[in-house]
Amino acid sequence: MEWETVIGLEVHVQLATASKLFSGTSTRFGAEPNTQANVFDLALPGTLPVLNGKAVEMAVKFGLAVGAQINRKSVFDRKNYFYPDLPKGYQTSQLDHPTVGKGTLTITMEDGSTRTIGITRAHMEEDAGKSLHEEFPTDTGIDLNRAGTPLLEIVSEPELRNAKEAVAYLKKLHSLIVYLGISDGDMSQGSMRCDANVSVRPKGESKFGTRAEIKNINSFRFVEKAINIEVARQIDILEDGGKIVQETRLYDAVKNETRSMRSKEVANDYRYFPEPDLLPVVIDEAFIARIKATLPELPDIKSQRFQSQYGLSPYDANVLAADLHVAAYFEEVAAGCGDAKLSANWVMGDLQAYLNKAEIDISKSPIASTALANLVSRIVDNTISSKIAKAVFEAMLNGEGSADEIIAAKGLKQVTDTGAIEKVVDAVIAANPKQVEQYRAGGEKVFAFFVGQVMKESRGKANPVQVNEILLDKLTAK
Amino acid sequence: MLKQGIAAISSSLSKGEISSVEITQAYLDQISRHNNDLNAYITVTAEQALAQAATADKIRSAGNAGVFTGVPIAHKDIFCTTGVKTSCGSRMLDNFIAPYNATVVEKLLASGAVMLGKTNMDEFAMGSSNETSYYGPVKNPWNRSLVPGGSSGGSAAAVAGHLCPAATATDTGGSIRQPASFCGLTGIKPTYGRVSRWGMIAFASSLDQAGTLTHSAEDSAIMLNIMAGFDPKDSTSVDLPVPDYCATLNKPLAGLRIGIPRQHFAEGLKPEVETQIRAALHEFEKLGATIKEISLENNHYSVAAYYVIAPAEASANLARYDGVRFGYRCAKPVDLEDLYKRSRAEGFGAEVKRRIMVGTYALSAGYYDAYYIKAQKVRRLIKNDFERALNEVDVIMGPTSPHTAFPLGSKTKDPVAMYLEDIYTIAVNLAGLPGISIPAGLVNGLPIGLQIVGRDFDEAKLLNIAHMFQQATDWHKQTPGA
Numbered sequence: 001m002e003w004e005t006v007i008g009l010e011v012h013v014q015l016a017t018a019s020k021l022f023s024g025t026s027t028r029f030g031a032e033p034n035t036q037a038n039v040f041d042l043a044l045p046g047t048l049p050v051l052n053g054k055a056v057e058m059a060v061k062f063g064l065a066v067g068a069q070i071n072r073k074s075v076f077d078r079k080n081y082f083y084p085d086l087p088k089g090y091q092t093s094q095l096d097h098p099t100v101g102k103g104t105l106t107i108t109m110e111d112g113s114t115r116t117i118g119i120t121r122a123h124m125e126e127d128a129g130k131s132l133h134e135e136f137p138t139d140t141g142i143d144l145n146r147a148g149t150p151l152l153e154i155v156s157e158p159e160l161r162n163a164k165e166a167v168a169y170l171k172k173l174h175s176l177i178v179y180l181g182i183s184d185g186d187m188s189q190g191s192m193r194c195d196a197n198v199s200v201r202p203k204g205e206s207k208f209g210t211r212a213e214i215k216n217i218n219s220f221r222f223v224e225k226a227i228n229i230e231v232a233r234q235i236d237i238l239e240d241g242g243k244i245v246q247e248t249r250l251y252d253a254v255k256n257e258t259r260s261m262r263s264k265e266v267a268n269d270y271r272y273f274p275e276p277d278l279l280p281v282v283i284d285e286a287f288i289a290r291i292k293a294t295l296p297e298l299p300d301i302k303s304q305r306f307q308s309q310y311g312l313s314p315y316d317a318n319v320l321a322a323d324l325h326v327a328a329y330f331e332e333v334a335a336g337c338g339d340a341k342l343s344a345n346w347v348m349g350d351l352q353a354y355l356n357k358a359e360i361d362i363s364k365s366p367i368a369s370t371a372l373a374n375l376v377s378r379i380v381d382n383t384i385s386s387k388i389a390k391a392v393f394e395a396m397l398n399g400e401g402s403a404d405e406i407i408a409a410k411g412l413k414q415v416t417d418t419g420a421i422e423k424v425v426d427a428v429i430a431a432n433p434k435q436v437e438q439y440r441a442g443g444e445k446v447f448a449f450f451v452g453q454v455m456k457e458s459r460g461k462a463n464p465v466q467v468n469e470i471l472l473d474k475l476t477a478k
Numbered sequence: 479m480l481k482q483g484i485a486a487i488s489s490s491l492s493k494g495e496i497s498s499v500e501i502t503q504a505y506l507d508q509i510s511r512h513n514n515d516l517n518a519y520i521t522v523t524a525e526q527a528l529a530q531a532a533t534a535d536k537i538r539s540a541g542n543a544g545v546f547t548g549v550p551i552a553h554k555d556i557f558c559t560t561g562v563k564t565s566c567g568s569r570m571l572d573n574f575i576a577p578y579n580a581t582v583v584e585k586l587l588a589s590g591a592v593m594l595g596k597t598n599m600d601e602f603a604m605g606s607s608n609e610t611s612y613y614g615p616v617k618n619p620w621n622r623s624l625v626p627g628g629s630s631g632g633s634a635a636a637v638a639g640h641l642c643p644a645a646t647a648t649d650t651g652g653s654i655r656q657p658a659s660f661c662g663l664t665g666i667k668p669t670y671g672r673v674s675r676w677g678m679i680a681f682a683s684s685l686d687q688a689g690t691l692t693h694s695a696e697d698s699a700i701m702l703n704i705m706a707g708f709d710p711k712d713s714t715s716v717d718l719p720v721p722d723y724c725a726t727l728n729k730p731l732a733g734l735r736i737g738i739p740r741q742h743f744a745e746g747l748k749p750e751v752e753t754q755i756r757a758a759l760h761e762f763e764k765l766g767a768t769i770k771e772i773s774l775e776n777n778h779y780s781v782a783a784y785y786v787i788a789p790a791e792a793s794a795n796l797a798r799y800d801g802v803r804f805g806y807r808c809a810k811p812v813d814l815e816d817l818y819k820r821s822r823a824e825g826f827g828a829e830v831k832r833r834i835m836v837g838t839y840a841l842s843a844g845y846y847d848a849y850y851i852k853a854q855k856v857r858r859l860i861k862n863d864f865e866r867a868l869n870e871v872d873v874i875m876g877p878t879s880p881h882t883a884f885p886l887g888s889k890t891k892d893p894v895a896m897y898l899e900d901i902y903t904i905a906v907n908l909a910g911l912p913g914i915s916i917p918a919g920l921v922n923g924l925p926i927g928l929q930i931v932g933r934d935f936d937e938a939k940l941l942n943i944a945h946m947f948q949q950a951t952d953w954h955k956q957t958p959g960a
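Protein chains in written order, with this note's numbering: chain A, 1 to 478; chain B, 479 to 960.
Possibly wrong hints are sitting among the right ones.
[Stated by the list, open to error] Computed cross-link-like contacts, DSS-like style, restricted to lysine-lysine with a CA-CA straight-line distance of at most 25 Å: (1) A:K130 to B:K852; (2) A:K387 to A:K456; (3) A:K54 to A:K73; (4) A:K364 to A:K341; (5) B:K563 to A:K79; (6) B:K861 to A:K73; (7) A:K225 to A:K243; (8) A:K474 to A:K434; (9) A:K79 to B:K810; (10) A:K130 to B:K563; (11) A:K387 to A:K410; (12) A:K102 to A:K79; (13) A:K73 to B:K810; (14) A:K79 to B:K831; (15) A:K79 to B:K855; (16) B:K819 to A:K79; (17) A:K102 to A:K172; (18) B:K563 to B:K831; (19) B:K711 to A:K54; (20) A:K255 to A:K225; (21) A:K341 to A:K461; (22) A:K73 to B:K852; (23) B:K493 to B:K481; (24) A:K164 to A:K357; (25) A:K215 to A:K102; (26) A:K410 to A:K390; (27) A:K215 to A:K79; (28) B:K563 to A:K73.
If you're looking for bench data, these hints aren't it; they were derived computationally from the structure.
In isolation and in its complexed conformation, chain A is listed as follows (with noise of 0.2 Å):
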């Protein structure tokens, strides 16, 4: 039998505020344990919870990104549970009037299609601490530092089709929360954490599957395979003529497998009911402008402006529009340079490559945007050819300066004195009569072996375009 694979994402975004989203405490990263949590986080008693505007303005702008309904009531609510990490005895969250309603995302595969994904709601609610079970031999540490920190949680419309939709719909959500600036998107530090409802069903079946939630799933990579896994997981039971539980599962990336967690953790009732110590929010047309204005170019519309300004193929323009800094560092280099194809390349190619290998991102490259932009402009004004400036780049890699210093340090200007280049040219010639006679006997793939003696001897630096020109000349004319 055919499958076809449902999934739907909930994803958590951490919003970058610089203060928790019921309390003054800030939500910086990595503090000693406990050290950012006052009397409302640590749910003394008699302590009320005050929302931060600014996580309003956060959801409304992510809401506005993705062409979503603004409610202009939404209201929060007590999602009742008990655990040492939730100091409360609840968690506040928003349940049947979320901040932001029904939005869609678009997102592109690989093979340049797109598909138009649906976005349910996205509703603002409260993180909870963590519990530290590694530093305690027979007890649970508790860390509230994190209780409190405001999350935005973005629920996907059950219309992602296999696991690499899902994750380019991931993707698509990351570059535009960066692009927002609501959340730094730091996965390693957990800033945007994901759950998948996974079913399958025969293909051509309108009906849903039975589902089951992968909780916590923290990588683009872990999410695909998490997925892969799962979703063959369900096939093989249901051609065994088995049936699918409704549970949550979670996922073992060493395992790389998915098993269920106690069935009590489902069973829970939540007993949510609209918290009696907040208003509702309340949010008009004044303050949707006011956001609205605040909007970034985004990666669409960002893309499309590649395209049209620097002449880029939509391939290249949907790869550095992507992420908001490669963004900006490209539209330095080709403004620095004025070479924008050039500087596309360069930052898509070289650049990325060392960045990715060293796992350094864009915003803390070791080159510099006018940096690189230095060294493109030396390739437009041909003062080095492209071979020569891959050198000048690992060199300025080293440490060794810019472009205009190694390139002279090292005297790798580009020979383009006519004169010189033709004495390189008439002693290679004079000095491998062979060569010649094979060349003009029809062995034109005797050519290139002429070119490079030429580069040796120039030691690289001949202009490479002179030098064909010349070299086709004398070998030619007799």
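Once you have looked at the hints, place chain B on chain A.
Showing chain B alone in chain A's frame:
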């Protein structure tokens, strides 16, 4: 001097007839003589009180005194006080010392008031007789075999028994007004949102409101002038200007339209109480008011709706008492579940547990719509009844309680009988309106209270009406015999 209220003490202080240290010491002496008997205080902060009094005297001699500078008061033990135990009447918080002051405490402290101590109360404010306290029942100063009312029974007994001239209190369903009625005091529950709830330990967040228990409407006005106002730390507090409640106390009542709800003069009301209430109403007619019967059609649903909404909110509000971070923790927990179960089983009393269970049930899947949502709809209807009535009349009056204080232990076995104690007061909390109870007579030597309910944020009018009544009568000056 000890039978005086805030206004009189303030006046004596400003005339130099007495110092704050002297009056504070006098109350402390009174507390050591009678508190064993009345059990009105959980904690007495003698040393701190005398230090505050000495500071107040210095401020006064420097010429910087306000009306409250050096006047001693007591706080209900539901308000957090820096460095002083805040128990909320529960074993759960017997070891809890708050690291911060409630806004109410902070404001009174800043005004120069001296804190004598923290008063007894029903556990987590859940009770109408002050018998659910972990620290034992409070006795009514009028008759030690009777309850003082609850949940602010400690504050009421302390003021009525002259162990302090005035006290803070809180009211979720009648917890200020009913003890005021039983102890012969003036007790005001302001409009929901008028006084900050920051630092006031939550029972039912949408109903809880801080107020005062005093000897007179004038004293309530003085206190409320300090306590009322917007607090950025309480999102449900209302950002409206606070009028000077003292400025309008003497406004004549001519033309005042009083509504009396048929439902508050029906079955269940003791005839002797009704007689006294009708006499009080006649007094208002003499002051130029007109009286009209009104109807609060849904009043009979108020106790039922309240006992869904309040426990539902409480079930969540009290989830934080889990033995993990502060408060009571059971001995030697074997695992997390054991820690939760035994800490809460041992830390909470029976009434608190009953309400947590009722509230948890009311919010459960499958019951939420039938109970919680239904109760919220009833709440809206009750509010509508009041709004309609208050379009026709300026205030609503009636008995605060159907009877006088009842004997200790007489209702502890019957929770529903206890819940019905608040039959006239509870709807006011559901509607969020301001209400005041003032002494309106004696029945068999025991005080009874007249409840006056006003429109949203009409505290000034309630205090004005109460004050004018107290200028014309002396029921509020009656004090316990012994």
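| So which hints don't hold here, by number, going up? | 1, 5, 9, 10, 13 and 28
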